[in-house]
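Trainee: Use the sequences and the hints to build the structure in full.
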Amino acid sequence: MATGPSDEELMLAYRAGEASAFDALYARHRGGVFRYLRRQAGSAAAAEELFQDVWLRLIDARGSYEPRAKFTTWLFTIAHNRLMDHFRARARAALVSYDDHPIDDVAADTPRPDESLARKQDAARLLGAIDALPAAQREAFLLQQEGELSLEEIAAVTGVNRETAKSRLRYAMAKLRAELREPERT
Amino acid sequence: MSDPDLRDPHLDQAYRELPGDEPPPEVDERIRAAAHRAVGARPQSLEARQRSWASRWRVPLSLAATVVLAVTLTVMVLEEERPAFRSAPVFAPTPSAPTILEDRAPPSPAAEEAKRADTGPTPAPARRAPASAEPQPPPAADAAVPAATPQLQKLETRQQPLEESRPAPAAPAATPAPPKPSPLAAPPATPSGASDSLSRERAAGERPARAMRSAPQVARSPEEWIEEIRRLKAQGRDADAAAELAEFRRRHPEYPLPVDLAR
Chain C
1 MATGPSDEEL MLAYRAGEAS AFDALYARHR GGVFRYLRRQ AGSAAAAEEL
51 FQDVWLRLID ARGSYEPRAK FTTWLFTIAH NRLMDHFRAR ARAALVSYDD
101 HPIDDVAADT PRPDESLARK QDAARLLGAI DALPAAQREA FLLQQEGELS
151 LEEIAAVTGV NRETAKSRLR YAMAKLRAEL REPERT
Chain E
1 MSDPDLRDPH LDQAYRELPG DEPPPEVDER IRAAAHRAVG ARPQSLEARQ
51 RSWASRWRVP LSLAATVVLA VTLTVMVLEE ERPAFRSAPV FAPTPSAPTI
101 LEDRAPPSPA AEEAKRADTG PTPAPARRAP ASAEPQPPPA ADAAVPAATP
151 QLQKLETRQQ PLEESRPAPA APAATPAPPK PSPLAAPPAT PSGASDSLSR
201 ERAAGERPAR AMRSAPQVAR SPEEWIEEIR RLKAQGRDAD AAAELAEFRR
251 RHPEYPLPVD LAR
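Chains as they are written, first to last, in this note's numbering: chain C, 1 to 186; chain E, 1 to 263.
Heads up, some of the hints might be wrong.
Unchecked claim - Only pairs whose alpha carbons sit at most 25 angstroms apart, straight line, appear in this in silico SDA-like list of lysine to any residue: (1) E:LYS233 x E:HIS252; (2) C:LYS70 x E:LYS233; (3) E:LYS233 x E:VAL259; (4) C:LYS175 x E:ARG32; (5) C:LYS175 x C:ALA89; (6) C:LYS120 x E:LYS233; (7) C:LYS175 x C:VAL160; (8) C:LYS120 x E:LEU11; (9) C:LYS175 x E:PRO9; (10) C:LYS70 x C:THR158; (11) C:LYS120 x E:HIS252; (12) C:LYS70 x C:LYS120; (13) C:LYS120 x C:GLU163; (14) C:LYS120 x C:SER150; (15) C:LYS70 x E:ARG32; (16) C:LYS70 x C:ALA89; (17) C:LYS70 x E:ARG16; (18) C:LYS175 x E:ASP5; (19) C:LYS175 x E:GLN13; (20) C:LYS70 x C:PRO5; (21) C:LYS175 x E:GLY20; (22) C:LYS175 x E:LYS233; (23) C:LYS120 x C:ALA132; (24) C:LYS175 x E:HIS10; (25) C:LYS120 x E:TYR15; (26) C:LYS70 x E:PRO253; (27) C:LYS120 x E:HIS36; (28) C:LYS70 x C:ARG162; (29) C:LYS70 x C:ARG170; (30) C:LYS120 x E:ARG7; (31) C:LYS120 x C:GLU152; (32) E:LYS233 x E:PRO253; (33) C:LYS120 x E:GLU22; (34) C:LYS70 x C:GLU8; (35) C:LYS70 x E:TYR15; (36) C:LYS70 x E:HIS36.
To be verified - Over the 10 angstroms line for every Cβ pair with chain E, so calculated as not near, a few chain C residues: (37) GLY17; (38) ARG28; (39) GLN52; (40) LYS70.
I should point out that these hints are in silico values taken from the structure, not numbers from a laboratory.
A quick note: this is a predicted structure, and the numbers were derived from the prediction, not measured.
Note that CB positions come from ideal geometry on N, CA and C, so glycine has one too.
Mentor: Given below as structure tokens:
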């Protein structure tokens with residue numbers, strides 16, 4: 001977590017007209033939001049379009065922002081809603097393809113070839129497992145990882161109760177853990 | 001996360017090692033530009049903002065410093081010039097004025113000799129101007145000089161005879177400058193005999209005989225002079241009173257005469 005002003009303070013400052021506060025907020029969350037969208041939208045082009053829309057919606061809605069909840073909850077709610085719009089418009093299941101993201105690009109700081117290969121294999125398996133998750137479970141897992149949201153916050157973003165969110169997340173993690181352990185068993 | 005079962009460090013670590021997808025720079029730029037446009041500002045870094053603060057205030061601060069410097073220098077120059085005015089003798093239209101004129105324009109050697117003969121052992125301080133004429137820096141000094149200039153020029157020619165004709169008062173008195181003459185104040189009506197005598201003497205450029213015999217003129221206030229004239233009239237010395245009055249009118253043309261003397 002970045003030091004300095006909180007997300008909520010920065011958003012209030014931006015709402016008051018301080019443009020630099022937006023720059024700080026954007027720098028903090030651009031990566032997480034983009035990956036959240038990128039791993040669900042299915043293509044890089046769609047993710048970029050969604051990403052831009054999400055931030056433009058935030059800019060437009062700055063006047064109505066109230067720090068009643070965490071800023072990231074608000075931000076990922078906007079992203080979730082935009083993603084749902086995208087799914088509805090494309091009438092497409094949220095099946096994400098990572099074909100244009102070769103796994104070879106993954107780990108850059110790996111010292112040993114066998115270790116590097118193992119990591120690449122782990123990353124490839126994990127990405128495949130994430131891609132194979134049901135959309136709701138995948139979203140719950142991505143909100144946990146990219147947005148660092150709690151169960152309650154995930155439930156709030158996705159519009160379900162806490163138990164539903166918990167169930168989705170539990171299933172997602174179980175599948176991913178199983179996928180990561182799979183080579184050990186074989 | 002409240003439920004520890006829903007956090008797996010191994011899974012978290014594996015996820016963090018995934019490719020760090022990020023938005024392209026052009027998308028970043030578009031979003032930031034939109035955000036800044038929305039609040040009426042251009043996108044810029046914090047460093048650039050600090051720089052822009054300095055550049056925004058550079059011109060006004062420079063102008064303010066220039067104005068302060070210019071005003072300070074002007075005041076300093078005026079302050080340096082002011083002692084020249086202060087050191088100049090201050091003229092006030094009082095009986096002491098001729099004495100001041102002596103300082104400014106020394107009389108010719110012949111006149112000085114005649115004066116010495118007439119004045120005799122009168123001590124110099126007695127002939128000096130009262131306090132108001134001392135070369136001190138009163139605030140009104142600057143204004144008094146130009147106001148007195150025409151009178152100064154007229155009196156310069158009569159300075160020496162006046163010194164000789166004036167009776168010596170008991171003690172010099174510091175008097176303020178008399179008020180300006182009222183336009184309604186009638187010219188003094190002197191007795192016809194004295195008036196004739198005065199006009200004749202003036203035409204000849206000489207002093208009246210009695211005035212010549214009187215004590216040397218020293219500084220005295222117009223009020224004291226008026227009282228002296230009244231005293232002369234009360235003693236029946238009408239001619240002397242008329243002469244004194246005529247001299248008074250010449251020395252203090254701006255002084256409004258009392259009603260009893262104006263008749």
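Trainee: Indicate, hint by hint, whether the structure satisfies it.
Mentor: The hints, checked one at a time:
In summary, the hint linking LYS233 of chain E to HIS252 of chain E is supported, as the alpha carbons are separated by about 19 angstroms, within the 25 angstroms threshold. Taken as a hint, the LYS70 of chain C and LYS233 of chain E pair is broken in the structure, with Cα atoms around 108 angstroms apart against an allowance of 25 angstroms. For the suggested pair LYS233 of chain E and VAL259 of chain E, the alpha carbons sit about 14 angstroms apart, so the restraint of at most 25 angstroms is met. In summary, the hint linking LYS175 of chain C to ARG32 of chain E is not supported, as the alpha carbons are separated by about 38 angstroms, beyond the 25 angstroms threshold.
Note on LYS175 of chain C and ALA89 of chain C: the hinted pairing is violated, with a Cα-Cα distance of about 29 angstroms set against a maximum of 25 angstroms. Of the supplied pair hints, the one linking LYS120 of chain C and LYS233 of chain E is violated, its CA atoms being roughly 134 angstroms apart against a limit of 25 angstroms. Between the alpha carbons of LYS175 of chain C and VAL160 of chain C the distance comes to roughly 21 angstroms, so the proposed pair stays at or under 25 angstroms and holds. Under the criterion of a C-alpha separation no larger than 25 angstroms, the hint pairing LYS120 of chain C with LEU11 of chain E is consistent with the structure, at around 15 angstroms.
Annotation: proposed proximity of LYS175 of chain C to PRO9 of chain E holds, straight-line Cα distance about 15 angstroms (limit 25 angstroms). For the given pair, LYS70 of chain C sits about 15 angstroms from THR158 of chain C by alpha-carbon distance, which is consistent with the 25 angstroms threshold. Our distance criterion of 25 angstroms between C-alpha atoms is broken by LYS120 of chain C and HIS252 of chain E, whose separation comes to about 117 angstroms. Pair hint LYS70 of chain C plus LYS120 of chain C does not hold up; C-alpha atoms about 34 angstroms apart against a cutoff of 25 angstroms.
At most 25 angstroms may separate the alpha-carbon atoms for a hinted pair to count; LYS120 of chain C and GLU163 of chain C exceed this at roughly 34 angstroms. Between LYS120 of chain C and SER150 of chain C the CA atoms are separated by roughly 29 angstroms; this puts the pair beyond 25 angstroms, and the hint is violated. Restraint check for LYS70 of chain C and ARG32 of chain E: satisfied, since their Cα atoms lie roughly 22 angstroms apart, inside the 25 angstroms limit. Restraint check for LYS70 of chain C and ALA89 of chain C: the C-alpha separation of about 29 angstroms exceeds 25 angstroms, so the hint is violated.
With a C-alpha separation of about 23 angstroms, the suggested pairing of LYS70 of chain C with ARG16 of chain E holds against the 25 angstroms cut-off. For the hint pairing LYS175 of chain C with ASP5 of chain E, the CA-to-CA distance comes to about 14 angstroms; that is within 25 angstroms, so the pair holds. Proposed proximity of LYS175 of chain C and GLN13 of chain E is supported: the alpha carbons are some 16 angstroms apart, at most 25 angstroms. Under the criterion of a C-alpha separation no larger than 25 angstroms, the hint pairing LYS70 of chain C with PRO5 of chain C is consistent with the structure, at around 13 angstroms.
Annotation: proposed proximity of LYS175 of chain C to GLY20 of chain E holds, straight-line Cα distance about 22 angstroms (limit 25 angstroms). A threshold of 25 angstroms between alpha carbons decides the hint, and for LYS175 of chain C with LYS233 of chain E the separation of about 136 angstroms lies outside it, so the pair is violated. Distance check on the hinted pair: LYS120 of chain C and ALA132 of chain C sit about 18 angstroms apart at the alpha-carbon level, within 25 angstroms; holds. At roughly 14 angstroms between alpha-carbon atoms, LYS175 of chain C and HIS10 of chain E fall within 25 angstroms of each other, so this suggested pair holds.
The hinted pair formed by LYS120 of chain C and TYR15 of chain E meets the criterion: a straight-line CA distance of about 12 angstroms does not exceed 25 angstroms. The straight-line distance between the Cα atoms of LYS70 of chain C and PRO253 of chain E is roughly 94 angstroms, outside the 25 angstroms bound, and the hint therefore fails. A C-alpha spacing of about 40 angstroms is found between LYS120 of chain C and HIS36 of chain E, which places the hinted pair above 25 angstroms, so the restraint is violated. This hinted pair checks out: LYS70 of chain C and ARG162 of chain C have alpha carbons roughly 17 angstroms apart, not beyond 25 angstroms.
With a C-alpha separation of about 23 angstroms, the suggested pairing of LYS70 of chain C with ARG170 of chain C holds against the 25 angstroms cut-off. With a C-alpha separation of about 23 angstroms, the suggested pair LYS120 of chain C and ARG7 of chain E falls inside the 25 angstroms cut-off, and the hint holds. For a cut-off of 25 angstroms, the pair hint linking LYS120 of chain C to GLU152 of chain C is broken: about 33 angstroms separates their Cα positions. Straight-line distance between C-alpha atoms of LYS233 of chain E and PRO253 of chain E comes to about 21 angstroms, which keeps the hinted pair within the 25 angstroms bound.
The suggested pairing of LYS120 of chain C with GLU22 of chain E holds, with an alpha-carbon distance near 19 angstroms, which does not exceed 25 angstroms. Our distance criterion of 25 angstroms between C-alpha atoms is met by LYS70 of chain C and GLU8 of chain C, whose separation comes to about 7 angstroms. The suggested pairing of LYS70 of chain C with TYR15 of chain E holds, with an alpha-carbon distance near 23 angstroms, which does not exceed 25 angstroms. Of the supplied pair hints, the one linking LYS70 of chain C and HIS36 of chain E holds, its CA atoms being roughly 23 angstroms apart against a limit of 25 angstroms.
Distance check for GLY17 of chain C against chain E: the nearest CB is about 5 angstroms away, which does not clear 10 angstroms, and the non-interface claim fails. Separation of ARG28 of chain C from chain E is adequate, the least Cβ-Cβ distance of about 13 angstroms exceeding the 10 angstroms criterion. Annotated as non-interface, GLN52 of chain C brings its C-beta within 10 angstroms of a C-beta of chain E; the closest such distance is 6 angstroms. Residue-level check passed: LYS70 of chain C sits 13 angstroms from the nearest beta carbon of chain E, beyond 10 angstroms.
The structure fails hints 2, 4, 5, 6, 11, 12, 13, 14, 16, 22, 26, 27, 31, 37 and 39 (numbered hints given earlier, in ascending order).
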